[in-house]
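Student: For reference, the chains in residue letters:
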Amino acid sequence: MSLVLTSARYDLLETVRIPIALVGSAFFPAASMLFFVVPFAGDEPAGATFATASMLVFSVMVSNLFRYGIGVSEERAQPWEPYTRTLPAGPLPRFAGRLLSGLVIMLISLVPVVLIAALLTEATITPARFALASGAVFVTALPFALMGFAVGYALPSKAALVVCQLIFFPLAFGGGLMSAPGQAPGFVESLAPFLPTRGAAELMWASVGDYPPHPVALGMLAVWTVALGALAVWAYRRDEGRRFS
Amino acid sequence: MSEILARAERVSRRYGDVLALNDVDLTVRAGEIVGLLGPNGAGKSTLISLLVGHRRPSAGRVELCGGDPRDPRYRRWLGTTPQETGLAATLRVGEVVDYVAAHFDRPVGRAELLDRFSLSDLVGRQTGGLSGGQKRRLAVALAFAGRPRIVLLDEPTTGLDVAARQALWDAIRVFGAEGGTVLLSSHYLAEVEALAGRVVVLGNGRVLADDTVPAIRSLVGVSRVSLTAAGLPDLPGVVATEQDEGRTHLLTTDPDALVRALVLAGTPFAGLEIRPTSLEEAFLTITARAGHPAVAAAA
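Chain order of the listed sequences is A and B. With my numbering as the guide, the letters of the first sequence map in order to residues 1 to 245. With my numbering as the guide, the letters of the second sequence map in order to residues 1001 to 1299.
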């Protein structure tokens, strides 16, 4: 356990020492709020609350997928990462430490989203539901963090960047994050429950407001989490640093 | 016989079509300092990466401290260094040491370790801002942070100035004198001579020789004697002869004896040159003698 914390601490130190990285991860979700949620759904309390929840899921996905997908893949190409793998610790402390540090960074990047929702829209939430939503954020972060790990350990950094970009957009749209609950185009609504973004969104919607979550979507979220976890472990095991043929 | 701390048994490793290691056997026992000598591309780094558990052999078996090095339990007594002076650039020197030390049961104290490698003044500096030599010193210091029983060093003095290299050699000698075990790779015979008791010569992914330092020196300590002459008598100690643009190049283990014999024979010659051969040339000689005429022809 202490190794997990040590790992997380040094990961955070590395991030904090390049502060622009923090600004970068906070900017995208905040800008999306300002451009998409404030003008289109800001006036109506329930709509604004659900839209904010969708935007949180979107931010959680982008933050995790890119931080781990690209971060891990870039680190793997550096000699330091293979060196740490010769230290007497299994993959778990490093995985968990990274996850922990990533969650801290993610929470920081979500602060502007919540502030914008509170100050510039009619979104409302009770303290109890806020606590529930905070818990939901951690649950929804897990599958996307694992997805990032899988990409990061499986692919070289240039490929990882492209793959992350290819993945996040269809997942966001296909999961129905760009529309109010149940209001997405028909084909999206029928596809959405099978994507991890939808399960995550249903969880968030159910935690912030009066919304009955779709059981298939929640089940699929669990399936995705387990499958992506297995994929991440597999990618880690076969990784032997950068490959050249 | 003392305990075996590192072992490779009939190990091969492929990268795609390239066979980097071909049926390699190696045993390192507790208390030994073994040099792994070979030109670039001989397979030294690959062999070390297998022994530290970073890569998996394509065939055969590696063992570290009695188990599979890919299992973290068997890496508790291992010390090694990052390649190419690659350290976490934004972390400070003291933080890097603390991070590594956190993985071991009874690490060397930070102050003591930094002092031993003359890094105390740099404790608060970010590693990205260190000079190449300072990075290398820190990288090597990390190998000793966990009070290892065996240290595997891949080209530890590459890029070091003379003073830093001397300091590193001293650290390795002290560790050896205290009973520590070392396997270090190098492509300098002088470095291996200065430290190791035993030398394993690797070339083209194979173990070409595994012997004491004097025995290896007589094997790879080859000089090239070049001259222009119409014809040459039989000369002692010549291991290979080449003709090139009217010049004759003789590879020999004893250039002094060769020149004496040449002069005594009264053969007319001109433009005599003697220079030590590179390790690469010496390896070609060894492989040629080991019965690979194709390799000698390629030279």
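Among the clues, some could well be false.
To be verified - Negatives, chain B to chain A, calculated, CB over 12 Å:
#, residue
1, Ile1004
2, Pro1039
3, Gly1053
4, Pro1069
5, Asp1071
6, Arg1073
7, Pro1082
8, Asp1098
9, Gly1128
10, Ala1145
11, Gly1146
12, Leu1152
13, Asp1161
14, Gly1176
15, Ala1177
16, Ala1257
Claimed, not checked - With the Cβ distance kept under 7 Å, some of the chain B side facing chain A (calculated, not the full set):
#, residue
17, Pro1072
18, Thr1090
19, Ala1215
Rather than coming from a laboratory, the hints here were simulated on the basis of the structure. Glycine included, C-beta positions come from ideal geometry on N, C-alpha and C.
Student: With reference to the structure, classify each hint as holding or not holding.
Tutor: Hint check:
no.: 1; hint: Ile1004; verdict: holds, 19 Å
no.: 2; hint: Pro1039; verdict: holds, 19 Å
no.: 3; hint: Gly1053; verdict: violated, 6 Å
no.: 4; hint: Pro1069; verdict: violated, 8 Å
no.: 5; hint: Asp1071; verdict: violated, 8 Å
no.: 6; hint: Arg1073; verdict: violated, 7 Å
no.: 7; hint: Pro1082; verdict: violated, 4 Å
no.: 8; hint: Asp1098; verdict: violated, 8 Å
no.: 9; hint: Gly1128; verdict: violated, 10 Å
no.: 10; hint: Ala1145; verdict: violated, 10 Å
no.: 11; hint: Gly1146; verdict: violated, 8 Å
no.: 12; hint: Leu1152; verdict: violated, 9 Å
no.: 13; hint: Asp1161; verdict: holds, 21 Å
no.: 14; hint: Gly1176; verdict: holds, 21 Å
no.: 15; hint: Ala1177; verdict: holds, 25 Å
no.: 16; hint: Ala1257; verdict: holds, 46 Å
no.: 17; hint: Pro1072; verdict: holds, 5 Å
no.: 18; hint: Thr1090; verdict: holds, 4 Å
no.: 19; hint: Ala1215; verdict: violated, 32 Å
Consistency with the previously given hints fails for numbers 3, 4, 5, 6, 7, 8, 9, 10, 11, 12, 19, ordered from lowest to highest.
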